[in-house]
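Heads up: the protein sequence lines correspond to chains A and B, in order.
Just so we're aligned, residue 1 is where the first sequence starts under my numbering, counting upward by one.
Just so we're aligned, residue 140 is where the second sequence starts under my numbering, counting upward by one.
Derived from the structure by calculation, the hints contain no laboratory data.
Cβ atoms here follow ideal geometry from the backbone N, Cα and C, with glycine treated the same way.
Watch out, some of these pointers could steer you wrong.
Unchecked claim - Result set (DMTMM-like, lysine to aspartate or glutamate): computed pairs, CA atoms no more than 25 Å apart in a straight line:
1) Lys95/A x Glu387/B
2) Lys135/A x Glu387/B
3) Lys95/A x Glu175/B
As the list claims (entries may be wrong) - To spell it out: a stretch of chain B is covered by chain A in this simulated footprint if at least three of its residues, at any positions, have a beta carbon under 8 Å from a beta carbon of chain A; those stretches are:
4) 183 to 195
5) 283 to 295
6) 390 to 402
What the hints assert, rightly or not - So, partial list: chain B residues that the calculated Cβ filter (under 7 Å) puts toward chain A:
7) Tyr265
8) Gly273
9) Ile320
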Amino acid sequence: MTDDTGLLSAIRQVGGDDVDLPFWQAAREGRFLVHRCGVCQRSYWPASLCTLHGKADMHWVEASGRGEVYTYTIVHHAYTPAMRDKTPFVVAVVKLEEGPFFHTNILDCPPDAVTVGLPVEVAIDPAGEGLTLPKFRPA
Amino acid sequence: MTGQMRGSCAIVGMGLSEQGVRLGVNPRELRATALERALADAGIERGAIDGYIHCGGNREDLRYLGLSPNFSFVIQSGGATPSVAILTAIGMIESGQAEMVACAYGQAPSTEMAGGGGYGAFGYGYASLYGLLGAAGAHAFHARRHMHLYGTTSQHLGAVAVTQRQYASVRPGTLGYGKPITLEDHQASPMITDPFRRLDCTRDTDGGIIVLVTTAERARSLRDDPIYILGGGTGHNISNWHHGLVYENHDDIAPAKARAFAMAGMDLSDIDMIQFYDPFTISPIMQLEAFGFVPEGHGGPFYAEGGAGPDGPMPVNTGGGQLSGFYATGFTGLIEGVTQLRGEAGAGQLKKAETCLVTGHGWNGGVQNTWSHATLILGNSK
């Protein structure tokens, strides 16, 4: 049984948008989606209207889960008390094989070993509550 | 059409409250102080103000300011707001809605954030779930990509910090006044979010600013040194987002540059100085390149060689900018441009100061550091 109320609440709390609900539903099930225009097959994240075809045929499809690190930062400063035992850690922008950028963390890799161009693949560890966060590890 | 707009309006008054960290004064009071100083600067009575544009705040309480304009509204385009407000003021003046428009700013983020506070618009949506908080991380993505593409180094970033502090060190009223720094100081400052160290980052300050815009004709009747708005342009980084080029483009400068320079009938060689929006050290580097003042990838070396310093070929952020001066969003650069063009920059006055490029950017879009960009070209003759 799914609890979309909880997911929607978690999405709104972080400033996300209800239109991304299918993405987070799938993530909870261990699947990684992108939003795609059926007319030109261009992929998007987060949910978007196609820049060429608007809302003609936008739908969610399963992505390959592969990509590469496009850019990243190593966070050293603990902006919140909860971050104190996590720094330093990497926030990376992964360019997905399908095209869109996806902000994430890099698992199984020391921060100093992350590089621009590093091939990565998605790793989803379904969470008990809240949003299940797709993360990436070196491929 | 655009050519006719060149110099049609001018900045005829500006007023600043104190600009500093944790002043403990509420934003409206900061605006009220700035307003009195702007009126005195322009030599007009408050009743002359017939238009009011509030930059990035809430609906203004005009009762408290003692103003009675024909219109008063709020605009919000992040750090591009001040330049957009000037362009909007010109539009209202040219369409006959007003003759003297006050563009107003007053915020106290360092007081309101004291003791903790939210990151608000800098939470970056889903990315915040992965630990991306604050503006530094989002700008660090640009810096890291730039380093990868062009070999830009932390020392290059440090050269920006040192150069701007050099300007601030001789400018009273700035955070960096009397406090020059060295590249060694920069390299020794703690890492915040790699590649940014503390001295790569601007800190919030409180302050109020009012800029008065009127017709060129009225301006000349009020003072002998009005500062003319010669050109203006806007761009939006969503186009680069759509094309996957947002990390190579700090701002969407190309369309803004094209419109501003076409309106002014000028080219880059006509610019005497630049006031770039500079929340982080990578920002001036990438903007220098995007405008074409230096080739792509040459922004860092340009700074390291002193190119943006007071004796360099293109002085940049001549009052210390946001990094070492004060953070009043896009007003930091606008105010400095007017100050230099009037010849009122004291020990930091440039020898050649007849034209100035001013930029602003901001209004992050959830996952991206900046969407909006606005460019102004100012000059002390029409």
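A quick look at each hint next to the structure:
no., hint, verdict
1, Lys95/A x Glu387/B, "holds (14 Å)"
2, Lys135/A x Glu387/B, "holds (24 Å)"
3, Lys95/A x Glu175/B, "violated (52 Å)"
4, 183 to 195, "violated (count 0)"
5, 283 to 295, "holds (count 3)"
6, 390 to 402, "violated (count 0)"
7, Tyr265, "holds (6 Å)"
8, Gly273, "holds (6 Å)"
9, Ile320, "violated (19 Å)"
Going down the numbered hints, you'll see the structure goes against 3, 4, 6, 9, while the others check out.
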